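Each step along the sequence shown adds one to the number in the UniProt record's numbering, with nothing skipped, and position 160 is 160.
No incorrect hints appear here.
Ranges between beta-carbon positions, derived for each pair:
id	residue 1	residue 2	range
1	G71	Q149	52 to 60 Å
2	K137	D214	38 to 46 Å
3	K89	S229	22 to 30 Å
4	D190	L72	36 to 44 Å
5	S140	T195	17 to 25 Å
6	S87	P209	45 to 53 Å
7	D214	E106	40 to 48 Å
Under the rule of at most 30 Å between Cα atoms (straight-line distance), these lysine-lysine pairs were calculated in the BS3-like manner:
id	residue 1	residue 2
8	K20	K89
9	K20	K164
10	K131	K32
11	K199	K188
12	K60	K188
13	K83	K131
14	K47	K20
15	K199	K32
16	K20	K220
17	K60	K88
18	K131	K180
19	K131	K47
20	K88	K220
21	K213	K188
22	K20	K215
23	K20	K137
24	K89	K180
I should point out that these hints are in silico values taken from the structure, not numbers from a laboratory. Every value quoted in this text rests on a predicted model; they were computed, and no experiment measured them. Virtual Cβ for every residue (Gly too), placed ideally from N, Cα, C.
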Amino acid sequence: WLLRVVLFCFLDGQAQVLLKQTDVSVTRGQTKTAWIDCVGEGISDFKTAYIHWYRQIPPKAPERVLYIGSGLALYDDDSYRNKYTSSKKGTNVCTFSIEDINSNDEGTYYCAYWQYHRTSRPQAVFGSGTKLIVSDKIISSPASSEILQKRHENQIMYVCLIEKFYPEVIRVTWTDGADKEVTDNIVKGDVWKPTNGDKYSIGSWLTVPAENKDKNYYCKYEHENQQRSLSTQGIYYMLKI
Numbered sequence: 001w002l003l004r005v006v007l008f009c010f011l012d013g014q015a016q017v018l019l020k021q022t023d024v025s026v027t028r029g030q031t032k033t034a035w036i037d038c039v040g041e042g043i044s045d046f047k048t049a050y051i052h053w054y055r056q057i058p059p060k061a062p063e064r065v066l067y068i069g070s071g072l073a074l075y076d077d078d079s080y081r082n083k084y085t086s087s088k089k090g091t092n093v094c095t096f097s098i099e100d101i102n103s104n105d106e107g108t109y110y111c112a113y114w115q116y117h118r119t120s121r122p123q124a125v126f127g128s129g130t131k132l133i134v135s136d137k138i139i140s141s142p143a144s145s146e147i148l149q150k151r152h153e154n155q156i157m158y159v160c161l162i163e164k165f166y167p168e169v170i171r172v173t174w175t176d177g178a179d180k181e182v183t184d185n186i187v188k189g190d191v192w193k194p195t196n197g198d199k200y201s202i203g204s205w206l207t208v209p210a211e212n213k214d215k216n217y218y219c220k221y222e223h224e225n226q227q228r229s230l231s232t233q234g235i236y237y238m239l240k241i
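Using the sequences provided together with the hints, build the complete structure.
Structure, rendered in structure tokens:
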């Protein structure tokens, strides 16, 4: 069983609780230290709230490593003490660190928060996860990114093409002019790498009605600690199909 949670949230009264892991991946070499941030939103008293950290290292099932409230971190196994640490900073950030990294640490790490209700079972919010990649290779941000378009009868198809990046982990989303995520009529391609290359590329497709031709849409991508947004307005490239 793999933990595949994409920013699950719930309503606690009027407050929407979210946990955001801003980095989709973190790449570090052997013996280095990695830091992963978890930003909490909608938690009334973050400083005392218990934030849990899980790791999922394939092919094993997810397991909790530790949790932290207002004091020191509490570990699920004493052997984790020299490997993992956690602390809080500011009003809503919890940091998790992995020390003396080796290849056995490669996997995805999630923060979590449990909400307790008087009349129901506890509910959990998970962050979207941050993948730790153990490698000494140099990180390469996308060398190029563009949006192509194709008009066909009563539809417009936008293709967001992001090329030549390393590592292969990347998050691509579409939003409208109001910065609301678009989830309908989206096709997300798989990351690919040419046989004679060592960098990756990805494409994502958005199809909208032709009457929306004057509306602005954005293709946003997150790669390591870089974020970029591309607009559909002002496109001069036509895709031939």
